[in-house]
Amino acid sequence: MKKLFFLILVLLTTFFVFKNIHSLKPNYIKNLTFTTDDSVNTLIVIKNQNQHTVEFNFSLNNKFYASLNDFIRKNKNSNDSEQIVLNLFHAFINSIVHEKLFNDWGAIPLTTLNSKGFAICGWQSEIFSQILYNAGFKSKVLHLEGHAVSEVFYNGSWHLFDTDRKTFFKKGNKILNYKELIHFPLMFKKNGTKKYMANLTTLSKKYTNHFITGEDNKPKEINNANNDTFLLNLPAKASFVFPFYPDYKRDFYPYNTKAKLFIPKGFNGKIKNPLILIDVEGKGKIKINNREYLVPDELELLKASIIKSNKFIDKIKVEVFSDTLALVYMLNPLFTKIYKKNILSINASDSLVIKIDKNREKNKNTIYPTHLELLNQYTPFAHKLASEISLFNINSVEELYHKQLKPYCISNAIDTNKLKKRLMLIKHFVNKPIYEYSEVSNFYGFLALLLNAKDEEFRNIFIFNIKYLRYKHILNKYYK
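Read in our numbering, the sequence shown has 465 at position 456, and its numbers run on one by one without any break.
These aren't lab readings, by the way, just hints derived from the structure by calculation.
Even glycine gets a Cβ: it sits at the ideal position worked out from N, Cα and C.
Watch out, some of these pointers could steer you wrong.
Across the chosen pairs, the derived CB separations fall in these ranges [stated by the list, open to error]: (1) 88 <-> 422: 49 to 55 Å; (2) 88 <-> 192: 28 to 34 Å; (3) 195 <-> 147: 38 to 44 Å.
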């Protein structure tokens, strides 16, 4: 009797497994190599011609990650423990910059990597430590007084990595850990990386103090793997188009490139995407955080609601009134770079139409995504300025020019007229006496740009910062 029961159970199990396997549609996988001589105006169009929603993710030139394990697979490139960690470290720090926007939303690893492209030190350290844990290493986040770093265990000891400041500290061939560093504070200035603009911060006494005030420092071990997946929803007859460059007049934060999800008239339903919604184009109704907004009439209220939200919202209800309505999402600009030759990979639940198109709209407000932490070609000059120009007893921008920068320009044959014009512009950002910036080492990064940046680089970074500053001011007034 027991044998008969067991046989029936096996047959039933086999039947249901067979039925379920054969009722699933195979994934649609598409790999496309394309070339272009106009990378700035090239658009990638992903269209759903089906009568139902299709789930998909994509990779462009090996960027955009379906999961943290996908990040590891694409970037570890070694079997040696230390080299794996170093490869993952460099892949991570070249994917992200430091900014505080959306700070309350937490780490959200895949959205931070693929959509934001920025985070504060705490979330950067948490994501990197999680990547290391997923890769098979013991890892932890070390919360210092006002800063956060990662530690990873390999080759019999712990090693410290600061992803936010894009550095680690070596003595000989060994990457040091936290306990070793606090006994040798000079290591911070002498033994850190000097390749990136972000490294300038490590020269300051304030940075050293984060570590040596040990009573405030708390470790947080990573104990569970992250199995989240990055999956986009493309409604029937809708198109996902990217990358669009920042518009410094329309975008409140003109750093990120953008994707536009074009939805046809008559659509009325929910859309869930792990990308940050920053704008809506067209006419319709958007429901988010249990409140409905008519667009374009209440668009600014909608945008303010998203920005001031204390959590990331990936699901919204959309009703389309115009011929099409575009949901505009943030994309990490470091992941959307298009070169002469490119590889696009699509993995979807059903067939999609892929097209390489050209952006024919001419917009004078377009700027190329830029950030101080991306202008690393000026890092050596910033280090030189830090050793040669003193901010001691300098109160104003005018004093900085006459007492320090003008003599420096004359002795180094640098155009003082251009410098004076640029200095007048940065007065918008100077809200305290100049000497107080002596502990803000990346201030020398700004000085390096003032003296050396190309006109377009300086224009773009000035516009980005001034727009962000003004928008924060508007939001603060609105919510008082």
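Here is how each hint holds up against the structure:
For the pair residue 88 and residue 422, the beta carbons lie near 51 Å from each other, so the given range of 49 to 55 Å is met. Distance hint check for residue 88 and residue 192: the Cβ-Cβ separation is about 33 Å, which falls inside the suggested range of 28 to 34 Å. Residue 195 and residue 147 have their C-beta atoms about 29 Å apart, which leaves the hinted 38 to 44 Å range violated.
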